[in-house]
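Chains as they are written, first to last, in the numbering used here: chain A, 3 to 69; chain B, 34 to 290.
Hints are supplied without guarantee of correctness; some may be wrong.
[Stated by the list, open to error] DSS-like, lysine-lysine: derived pairs with alpha carbons at most 30 Å apart:
1) K129/B / K35/A
2) K35/A / K52/B
3) K129/B / K43/A
4) K52/B / K43/A
5) K35/A / K51/B
6) K251/B / K35/A
Keep in mind the hints are simulated off the structure, nothing from the lab.
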Amino acid sequence: MQEFLNEINWAIIAPLLIIQFILVVVALIDWLKTEDTNGPKWMWFFIIVFINIIGPVLYFIFGRSQR
Amino acid sequence: MQWRILFKKEMIESWRNKKWVWVPLVIILLAIIDPISNYYMPQIIESVGGFPDGTVLEFPEFAPPEAVLMSLGQLSSLGILVIVFMSMGTISGERKSGVSELILVKPVSHFNYITAKWTALLVLVWVSLFLGMLVSWYYTNILFGDLSFTAFLLIVFFYGLWYMLVVTLVIFYNTLFKNAGMVAFFTILTIMIMSIITQIFGHVLEWSPNNLTDHILKMLMTEDIPSQLVGSAGITIAISAALLVFSVIRFKNKAVL
Numbered sequence: 003m004q005e006f007l008n009e010i011n012w013a014i015i016a017p018l019l020i021i022q023f024i025l026v027v028v029a030l031i032d033w034l035k036t037e038d039t040n041g042p043k044w045m046w047f048f049i050i051v052f053i054n055i056i057g058p059v060l061y062f063i064f065g066r067s068q069r
Numbered sequence: 034m035q036w037r038i039l040f041k042k043e044m045i046e047s048w049r050n051k052k053w054v055w056v057p058l059v060i061i062l063l064a065i066i067d068p069i070s071n072y073y074m075p076q077i078i079e080s081v082g083g084f085p086d087g088t089v090l091e092f093p094e095f096a097p098p099e100a101v102l103m104s105l106g107q108l109s110s111l112g113i114l115v116i117v118f119m120s121m122g123t124i125s126g127e128r129k130s131g132v133s134e135l136i137l138v139k140p141v142s143h144f145n146y147i148t149a150k151w152t153a154l155l156v157l158v159w160v161s162l163f164l165g166m167l168v169s170w171y172y173t174n175i176l177f178g179d180l181s182f183t184a185f186l187l188i189v190f191f192y193g194l195w196y197m198l199v200v201t202l203v204i205f206y207n208t209l210f211k212n213a214g215m216v217a218f219f220t221i222l223t224i225m226i227m228s229i230i231t232q233i234f235g236h237v238l239e240w241s242p243n244n245l246t247d248h249i250l251k252m253l254m255t256e257d258i259p260s261q262l263v264g265s266a267g268i269t270i271a272i273s274a275a276l277l278v279f280s281v282i283r284f285k286n287k288a289v290l
């Protein structure tokens with residue numbers, strides 16, 4: 003595994019991680035600001051933080067309540 | 034003038050929804066995830082291990098057009114899902130919450146209302162596609178080999194037409210149904226049926242919009258724009274225009290609200 007980590011060119015992988023990170027941060031900021039979400043608010047926190055890539059997207063599509 | 038105000042309203046709304054942040058990011062992710070993971074496949078399999086000593090695994094070398102195909106593959110499946118889910122409530126949601134009534138009691142033409150929404154969505158989708166394919170193009174050049182910038186622009190243009198059809202379908206079903214779920218369901222169903230019909234009657238339907246990706250690949254292989262690609266593009270634009278007109282008519286007649 004260690005060998006594998008060394009072999010990866012991080013310049014290539016970094017953008018993937020950065021994009022994921024931005025998605026999570028933007029989703030969390032939005033989550034903090036909203037009063038209510040579809041379903042329990044704390045549940046969306048876990049979805050955003052713990053489900054890779056798809057979590058924030060699920061929150062943006064289904065979590066935000068339409069007024 | 035009125036159209037510009039409506040368009041601006043749409044833009045502000047999708048900015049506040051954070052759509053302008055997450056849709057481009059997700060499309061970029063989708064566009065690059067397959068080329069990168071395929072590039073690292075030998076290392077991934079090696080580190081997972083489980084093969085006896087001396088096992089020889091052959092990994093194919095990918096040419097640039099194949100890398101583009103990987104990107105487009107993801108964009109055609111998950112990308113379309115994201116676009117449909119992102120836009121399914123654009124009119125139906127406003128009807129439900131009463132916003133569209135607030136807008137339409139004023140002398141707002143239905144044509145402006147629909148086309149402003151359509152254009153705003155299309156701009157978002159096209160910008161996302163452009164950025165996604167730009168990053169994918171960059172990776173293709175680093176990892177797999179040269180792909181000219183002109184080729185990249187042509188890919189974005191022709192594939193953008195396919196996304197335009199999807200957006201128009203969403204708008205069309207938005208004028209038919211009040212329920213966002215129904216809009217998403219019927220849009221995806223329509224795309225699936227179109228692709229099945231294209232597969233069955235492939236020999237007669239060479240110009241089907243579903244063949245755009247195939248024709249784009251052919252264009253990359255032969256480095257020439259095949260006539261079928263132009264045909265498919267024309268048909269796609271025609272269908273989209275017709276759907277848009279239907280949407281306006283449909284929306285007008287139903288505007289009893």
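Consistency of the hints with the structure:
1. K129/B / K35/A: holds, 24 Å
2. K35/A / K52/B: holds, 16 Å
3. K129/B / K43/A: Roughly 23 Å between the alpha carbons, so the hint for K129/B and K43/A holds.
4. K52/B / K43/A: Between K52/B and K43/A the Cα gap is close to 20 Å, so the pair holds against 30 Å.
5. K35/A / K51/B: Holds: K35/A and K51/B sit about 12 Å apart, inside 30 Å.
6. K251/B / K35/A: Violated, at roughly 48 Å.
Hint check: a violation occurs at hint 6 only; the rest are consistent with the structure.
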